[in-house]
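Each protein sequence line maps, in turn, to chains U and H.
Residue numbering for the first sequence follows our numbering, starting at 296 and increasing by one per position.
Residue numbering for the second sequence follows our numbering, starting at 7 and increasing by one per position.
The hints are simulated quantities; they were obtained by calculation from the structure and are not laboratory data.
One should not assume that every hint holds.
[Unchecked claim] Some chain U residues well away from chain H (every beta-carbon gap over 12 Å; in silico):
{"no.": "1", "residue": "378"}
{"no.": "2", "residue": "504"}
{"no.": "3", "residue": "507"}
[Said to hold, decoys possible] If you only want the chain U side, here are some residues facing chain H, beta carbon under 8 Å, derived:
{"no.": "4", "residue": "314"}
{"no.": "5", "residue": "401"}
{"no.": "6", "residue": "453"}
Idealized CB from N, CA, C, for every residue including glycine.
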Amino acid sequence: MLEITGLCAGVDGKEILRGIDLSVGAGEVHAIMGPNGSGKSTLAGVLAGRPEFDVTSGSIQYQGQDLLEMEPEDRAREGIFLAFQYPVEIPGVNNAYLLKAALNEVRKHRGEEELDAMEFMALAKEQLEVLQMNADLLNRPVNDGFSGGEKKRNEIFQMAVLEPKLAILDETDSGLDIDALRIVSNGVNTLRSPERSTIVVTHYQRLLNYIVPDVVHVLSGGRIVKSGGKDIALELEAKGYGWIDGVTTEVSV
Amino acid sequence: MSTATETIEQLANQDYKYGFVTDVEADTIPKGLSEDVIRLISAKKEEPEWLLEWRLKAYRLWTSMTEPTWPNVEYDPIDYQAISYYSAPKKKPQLESMNEVDPEIRSTFEKLGIPLEEQKMLAGVAVDAVFDSVSVATTFREKLADIGVIFCPFSEAVREHPDLVRKYVGTVVPYSDNFFAALNSAVFSDGSFAYIPKGVKCPMELSTYFRINAASTGQFERTLIVADEGASVSYLEGCTAPMRDENQLHAAVVELVALDNATIKYSTVQNWYPGDKDGKGGIYNFVTKRGTAAGRNSTITWTQVETGSAITWKYPGCILQGDNSVGEFYSVAVTNNRQQADTGTKMVHIGKNTRSTIISKGISAGRGQNTYRGLVRMGKGATDARNYSQCDSLLIGDRCGAHTFPYLEVRNTSSQVEHEASTSKIGEDQIFYCRQRGLSTEDAVNMIVNGFCKEVFRELPMEFAVEAQKLLGVSLEGSVG
Ligand SMILES: Nc1ncnc2c1ncn2[C@@H]1O[C@H](COP(=O)(O)OP(=O)(O)OP(=O)(O)O)[C@@H](O)[C@H]1O
Ligand SMILES: [Mg+2]
């Protein structure tokens, strides 16, 4: 599904990712943990094609394609979904309208019929129920005035509607109350299938009780310093990052 | 990979689809302005003496006036002697049927999406087509006449309905109003006239389509719409011009009169040639538009989508004279590349319990400069009057500008005025968010811009709202890479 080799990337000449190797197979769930500023969101951003990041070396293969050659919208249409750590507000643009346009772009790309407003609403309502989300969020401007938790739920709602092949969740659990955490995790688990893969960025082991990962990676200073089973997360929770060799915990600004 | 800021900065050529020239033999008078020229225009139109006298008075006043310098726009001085003040396609300017319209002109309007054959037209829209200085066709006239609605070229109204014209012309915008209004009053050539009789709800949209074609001419049209007691009408105007390297002047005057319980809704989609990306050429759109809500409970609504012109200078206003009368102004103004706009409204509250609403959406891209200028005046007698104003600016890129000048004059203690303003920028992160969901940059920008303008588009008649959205997309084409 995803094959990252020797990835180095930065912004404005500042190096952030310093040689990442990561392989995510179809159907797998990988968790990425690591101290603040270690480069987790940068990695997620590079995968999604955030224009401010420059990839200086390395390669990324996604479903046999050279991901770095693809425009962000093409990556999205090919099934990459990023649940943003900080979802952006877009005043004036209706949440349902954006999502319908997004879904139809994906469908067009796949050669499927576009959905009309009625069909879309039926689909959206179904997912709203699954995620126990308030239906009025649909008709509000994208993330505008949403609470922190509502924004995160909205990301998962969009993910559920778009049914991506590779979902990247960047700290979607931060800011969620306990119930929301369970609901959001359910949403992710429902999508779990042999063809779909998920990368979960989190600081908390708690989330991994709900979304059980196949592999946990620890990112530090722009490198993966440790990979292993889900028990790594438990150990981190108990001991902090200090026990892992090569972890830099001070945040560089 | 370049950043969104860079791509935002990459201003591609604006794709102006209406820039062609029609090859038609024209009767164009020599350049220059003098009393003789005014006499000539008046004679060509076989006008009555009173109108010639009125023109001459306007001209004499104009010669003593100076061009306003207070608008927040910059341009080289205009040489008023280098303009031809009258240009009309030759061959029968007065037509009995559409088949007599010069085929070249007919095809011009067809290319612009305005077929002049009634059977091809949008049902429910009557069109007056103005080509340079004259009206070349007005559709659905008989049908309208059956219910007493007069809709015809202004010059014809002068001949056929002199009493009505004489009673109202210059009452809302006197020739002494300002420099460009005086110029227009002196040299105006054509325009539309509409009269909706008592109690009639006009069953069709009335619309005028203005086309400048000839080079080195200006267009100086005059439109007058009167809605008698209890009448209502919705009127639309659209405009385009060829691409030329020189600037061309468009100085129009529009007057609206709404009597007791009457409603006039006036919508504009202005798409004059804006000039090229470096600011060469384009129309100077210096326009005076005003309506008098003269009667009790009357309503005047201005809705404008201004995407064209090198420079726009216009403040469609309402004189709220009748008690309980209502004035509304909904505006979207776009400036891309080197375009400049100084636009807004004047709401003059005179009657008791009058209300006004101002919603202005300014969009600046490229090096565009967009100014909102609005006056709200609550007169002594305007007790319990209310105004609500909202002025929002949206910036695309960081070389453009947005400016807001609200003027408030309150002369009584019971009226209330509320003003809100905001400035926002289309952020790279907003565009990226949309792209991450599968939308192209262009679609993302369109979606954000249309969302920003929603409250105004809502006010446009259906078919126009769709047009306006498309137009906005075209106007901003290339503003984001
Ligand atoms: N656009 C940018 N401009 C400058 N520096 C940046 C930019 N994006 C990220 N960085 C820097 O790169 C480093 C890694 O940031 P990143 O957001 O990837 O960390 P993170 O692991 O997601 O942290 P957190 O756990 O706090 O979310 C930080 O030092 C950050 O300041
Ligand atoms: Mg982060």
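Margin query: Checking hints one by one. Is residue 401 of chain U an interface residue toward chain H, by the C-beta closer than 8 Å rule?
Written below: Since the shortest Cβ distance to chain H is 5 Å, the answer is holds.
Notebook entry, point to check: Going by Cβ atoms only, is residue 314 of chain U closer than 8 Å to chain H?
Noted result: violated (20 Å)
Check: Is it the case that residue 504 of chain U keeps its Cβ farther than 12 Å from each residue Cβ in chain H?
Finding: Its Cβ never comes within 12 Å of chain H, the nearest being 28 Å, so this holds.
Margin query: Hint validation: residue 453 of chain U versus chain H, beta carbon distance must be below 8 Å. Holds or violated?
Written below: This hint holds: residue 453 of chain U lies near chain H, its Cβ roughly 7 Å from the closest one there, short of 8 Å.
Item checked: Separation of residue 507 of chain U from chain H, once the least beta-carbon distance is taken, above 12 Å -> holds (26 Å)
Next item on the list: Please settle this one: residue 378 of chain U was flagged as non-interface, so is its CB more than 12 Å from every CB on chain H?
Entry: violated (10 Å)
Checked against the numbered hints given earlier, this structure breaks hints 1, 4; the rest are met.
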